[in-house]
Amino acid sequence: MQNPKSLETLVGLFVVIGIGALFFLGLNVSNLASYSDTDGYTITARFENSGGLKVRSPVSVAGVRIGRVTAIDFDNTSYESVVQMKIGAQYNTLPDDSSASIFTAGLLGEQYIGLQTGASEDYLTHNSELELTQSAIVLEEIIGQFLFSEKEN
Amino acid sequence: MITFLSTIGHSVIATLTKTGRGALFLKQTLSYTFSVLCQPRLISKQLFSVGVLTILIITISGLFVGMVLGLQGYYILSDFGAEETLGVMIAASLVRELGPVVSALLFAGRAGSSLTAEIGLMKATEQLSGMEMMAVDPIQRIVCPRFLAGCLSMPLLAAIFSMVGILGGQLVGVSLLGVDEGAFWSQMQSSIDFYDDILNGVIKSVVFGFVVTWISLFEGYDAIPTSEGVSRATTRTVVYSSFAILGMDFILTALMFGDI
Amino acid sequence: MEENNTQNSSLVTIRNLSFAREQRVIFDNASLDIQHGKITAIMGPSGSGKTTLLKLIGGQLSPSQGSIVVDGQHINQLNRSELYALRKKMGMLFQSGALLTDINVFDNVAYPIREHTALPESIIRTLVLMKLQAVGLRGARLLYPNELSGGMARRVALARAIALDPMMVMYDEPFTGQDPISMGVLVKLIKTLNDSVGLTSIIVSHDVEETAAIADYIYIMSSGKIIGQGTPQELQQSKSEWVQQFMNGKPDGPVKFHYSSDNYFDDL
Ligand SMILES: Nc1ncnc2c1ncn2[C@@H]1O[C@H](COP(=O)(O)OP(=O)(O)OP(=O)(O)O)[C@@H](O)[C@H]1O
Ligand SMILES: [Mg+2]
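Residue numbers (the working numbering), protein chains in the order written: chain A, 2 to 154; chain B, -1 to 258; chain C, 16 to 283.
Fair warning: there could be bad hints in the mix.
[To be verified] Calculated pairs, DSBU-like style, for lysine-lysine (alpha carbon to alpha carbon, straight line, at most 30 Å):
id, chain 1, residue 1, chain 2, residue 2
1, C, 103, B, 25
2, A, 6, B, 25
3, B, 43, C, 103
4, C, 104, B, 25
5, B, 25, B, 43
6, C, 104, C, 254
[As the list claims (entries may be wrong)] With beta-carbon atoms standing in for the labels, derived distance ranges:
id, chain 1, residue 1, chain 2, residue 2, range
7, C, 104, B, -1, 42 to 48 Å
8, B, 13, A, 138, 54 to 60 Å
9, A, 21, B, 31, 49 to 55 Å
10, B, 70, A, 117, 49 to 55 Å
11, A, 66, B, 169, 34 to 40 Å
[What the hints assert, rightly or not] Over 12 Å on every C-beta distance to chain C, these chain B residues come out as not near it, computed from the model:
id, residue
12, 127
13, 131
14, 135
15, 242
Simulated from the structure, these hints should not be mistaken for lab results.
C-beta: ideal position from N, C-alpha, C; glycine also.
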């Protein structure tokens, strides 16, 4: 039998390594770090089609991630997709005439919202709505249109 | 024909009875949880034999599994020009499936079988009866600390397995095959969700740890107290644990990730 | 009425006990009393159920019929904590020793003391060394059970059984595997313990001479029944063939040496 002191040390080491591994998974492997932006403000945008956008998809401006999607709902009257996103509190100088588009990262990558900044003097605040939106590009539609126009020619 | 039917009937009844005994055994074990938690010394001793001694096999296996994932993933993804998503692929398969499942299978083989053999031999050599006659409940003294140690160790071991696996995948993918390191990690971080992936993986491993430790301890406690009986019980532990792990994995995956 | 009278002087009262394992009947309507402060011996052929009887008294098995009253309590009607409280007052020496194999001799003897008392370690040490000294194994205190011989293991188990100074000790074959010297010491030890602290002892043994020398009362059992009882003197002079056969170790007689079986020649 081991002496009890060194046994306890090893057990302690085991627990520390195990918990360390959990932290590693949480902080280095997953998006837990991006959950930490708890303070921020919510804005909404309406899309004709939000494609493969999901809750927690990134929201970025000029390639920099500034927030994430918090909810996607369907509007029963206008038949549009209503996307809510939370923007980090430090990004509080976005013009209120900015527009939102849904892009795809790479050919097969995930979809995200890209904001194009406008020129207004007023800034987006809590519960602002983005007026200008461009829907997700749905690959099947583009292919369909392409085939259709070929045929016409 | 009649004998055939009666054989089936007997084995069904025997299985039911054994399940019942197992459930009562679990209930008794759980009833001591609190009192055993108040004596951390009892648990730490078991954490050593259940957890620490399993680390080596977990680390080595995790490293190789991760390296293989890196290699295979690279070959498949490079066909689509999507090598950058290698990190996502490795991390998702490890964190969601391979980490909890493979480490639980290894745990059953390494720690589970030795728990069964230990308890079974204690029974065979009348040590358990001896404790009872000394007014010490062996479920409280022997079984419950091992049970808690198993439940605690399993998620830690699975996390270590996943971590080592991801590092092994990075070693192969980034250092050997030249996938861009930044893309490897950033794609991984944006695609792996803390709640959906990591936490669900941890929940899986807690469930597996619970089930495997329960099976191991019960098989030992219920073993026929002879050398043959104990050796059979040890085999059963590994077989039943493996079935339980894979079966539960399907159910848990369907509940967590699927929309079935 | 009669039961009340006997209960005053007897620590264990067994009435009409029946017990069967699978199909095999081990006890069939047996009754016996263990007197307070006395040494009662239980003798009988191998496989006649002596160990089973001790386990029944300790509450590890429950009879199919009949009652077992220990210290005024019906042992198989107690709940868990009452049963354990009662067991703290009983010591049992297992036939196999049943030492815990992952701790050494010292810790084995200290085990029940540590479990049930909050004594400081220095007092525990004194107590344990006293018990080990009594069985002649003080020098072996750092050995592990797998380093002990069969006879030594049994003596350690004996030390453990008396560690808590119980009111009653059940010795399952304490003399088996002992050399004549340690046998003599153990016989004396059991006798001294009994007389000096008023212990009640139950001895299961095959060693007729040694047992007869210290026992106050002897029960002889066979085929699930008590076939003879009395003080050693009474039994020596008993007219019963059964008792005579057993006390003198004759192979032939009413007590069967063989486990019940078919005719030998038919089997061959
Ligand atoms: N676990 C068990 N399962 C089934 N039968 C058993 C079991 N233990 C003992 N028996 C049976 O019970 C009977 C009595 O056993 P027990 O151990 O009480 O005998 P014993 O009188 O102590 O014998 P010995 O002097 O050899 O120790 C035996 O015939 C044995 O076959
Ligand atoms: Mg016996």
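Hints, verified against the model:
1. The hinted pair formed by residue 103 of chain C and residue 25 of chain B meets the criterion: a straight-line CA distance of about 25 Å does not exceed 30 Å.
2. With a CA separation close to 33 Å, the supplied pair residue 6 of chain A and residue 25 of chain B exceeds the 30 Å bound.
3. The hinted pair formed by residue 43 of chain B and residue 103 of chain C meets the criterion: a straight-line CA distance of about 26 Å does not exceed 30 Å.
4. The hinted pair formed by residue 104 of chain C and residue 25 of chain B meets the criterion: a straight-line CA distance of about 28 Å does not exceed 30 Å.
5. For the proposed pair residue 25 of chain B and residue 43 of chain B, the alpha carbon gap of about 23 Å is at most 30 Å, so the pair holds.
6. Under the criterion of a C-alpha separation no larger than 30 Å, the hint pairing residue 104 of chain C with residue 254 of chain C is inconsistent with the structure, at around 38 Å.
7. Checking the proposed 42 to 48 Å range against residue 104 of chain C and residue -1 of chain B shows it is violated: the Cβ atoms sit about 57 Å from each other.
8. As the Cβ distance of residue 13 of chain B to residue 138 of chain A is approximately 57 Å, the hint placing it in 54 to 60 Å holds.
9. Separated by about 26 Å at the C-beta atoms, residue 21 of chain A and residue 31 of chain B break the suggested range of 49 to 55 Å.
10. For residue 70 of chain B paired with residue 117 of chain A, a C-beta distance near 40 Å fails the hint of 49 to 55 Å.
11. Residue 66 of chain A and residue 169 of chain B have their C-beta atoms about 28 Å apart, which leaves the hinted 34 to 40 Å range violated.
12. Not every CB of chain C is more than 12 Å from the CB of residue 127 of chain B (nearest about 6 Å), against its label as outside the interface.
13. Against chain C, the non-interface label of residue 131 of chain B is violated: not every CB pair exceeds 12 Å, the least being about 4 Å.
14. For residue 135 of chain B, the requirement that its beta carbon stay farther than 12 Å from each beta carbon of chain C is not met, with the minimum near 7 Å.
15. The Cβ of residue 242 of chain B sits about 28 Å from the closest Cβ of chain C, beyond the 12 Å cut-off, so the non-interface label holds.
Of the hints listed earlier, those the structure fails to meet are numbers 2, 6, 7, 9, 10, 11, 12, 13 and 14, in rising order.
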